[in-house]
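Sequence positions in the sequence shown follow the working numbering and run 4 to 299.
Since the hints were made in silico from the structure, they are not lab data.
A couple of the hints might just be wrong.
Derived lysine-lysine pairs resembling DSS-like cross-links, with alpha carbons at most 25 angstroms apart [said to hold, decoys possible]: (1) K188 / K75; (2) K47 / K13; (3) K115 / K268; (4) K254 / K268; (5) K272 / K163; (6) K268 / K298; (7) K298 / K254; (8) K188 / K254; (9) K258 / K276; (10) K13 / K42; (11) K25 / K13; (12) K75 / K13; (13) K75 / K42; (14) K17 / K47; (15) K231 / K254; (16) K258 / K268; (17) K272 / K250; (18) K250 / K298; (19) K17 / K298; (20) K231 / K268.
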Amino acid sequence: VFESNAYYCKLFLKSYISCIEKEGYELSEALYEVYCDPKILNAKELAPTDTITIHYPIGGFDSVPTTVVSIKETPKIISGINTTGLRTWEAALFLSNYLNNFQNPPYDFGNKTILELGGGTGLVSLALLKYYSNHIREIRDLVLTDGAVSVFDNFIENTKLNGINVHDDIWCKQLLWGTTNPEDKENFTQDPIDDVDVIVAADVTYDSTILEPLCSTIHDFFRQSNTKVAIIAATVRNEETIANWEKELDKWFGKDSEHGSWTVKHHCKEPEKVHGHVWFRRNTPEIRIYEIQSKL
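Please model the entire structure based on the sequences and the hints provided.
What follows is the structure, given as C-alpha cells:
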C-alpha cells in the first residue's frame, strides 16, 4: 500500500494516531517516525485519473489471505471511456470469495468452461484461475467478455501482474448484450460462444435499461450454448433498480417459464461485518447472489 498509495497510508496513520491519543495511550516513537516519513507526510491525494494497484484477498472468506489478485485500476472513476470497468466493484470481491470456498465450494467448476459477463477489471475471472482452478478443481476454459474493448488492455496488464498467460489460461472477447439471438433480425450481430457451462457476473445490474438485454443474452446462452447456470452477484444500491432486475428475471425465468428458474442463492445484508480477511467499506449495501438455472 505504501508504494502504490502513500496518501492512503497518511490518512490511515493520521486517524490511528488520533484514536490512540484520544484514549490517552502513549504514542509509539516508531509509529510517529513512520508517519513523519516525507513520502507519507507530503503525500498528495490521487488525481481522478490516477491508476493504482490494489491487492484483493480471494481465497474464500474464512481462509488466511495467502492468495491475492493484484488489479491495476482507477478507483476514483465510476465511469469513463464508455465503461464502468475501470475499477473493481464490491460484488466482484464478494463473489470471488463466495465461489472460492475451499471447505465447501458452492459450485463444481471442475473441467467446465466459465464465461464472465461484463468482466471489467477481471477480478472474478482471475480469482477463479488463481485459486479455484489451482486449489479446488481445475477449470477447463475461462472466457472474459465485456461490451467495451477498451477494458481489455488493462485486463491483459492485470493477467501479467498475476502471472497468468492470457492466451493459454484465459481469453477475451467483446460481447454486446442483446445481440446474440438470430431470431431478432434487428439486433442480431453475433452468435454466443459455443459450449459454455457456467456464466458468472458481478455488479452488472446497476442500470434498469440494460436488464432486458442482459436476461436476453443469458437466455441465448441457455438455448444455443448448452449453458446450465448463471451466477450473478448484485449490490443493492437502488431498491427500484433491484426490483426491476427481479421483475425482468420473472419475465424470462419465472415459475411459469419454460426457459429457466431463478432464486437468491445467498445474500449478505451488511458486507462490512463479514468475518475473515476480506474488507468491505462501512455502509456497503447488501449484496445478493442470484442463481439462474436453465430448463432447456
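Practice item. Please write out, lowest number first, the hints stated earlier that are contradicted by the structure. Key: 1, 5, 9, 19
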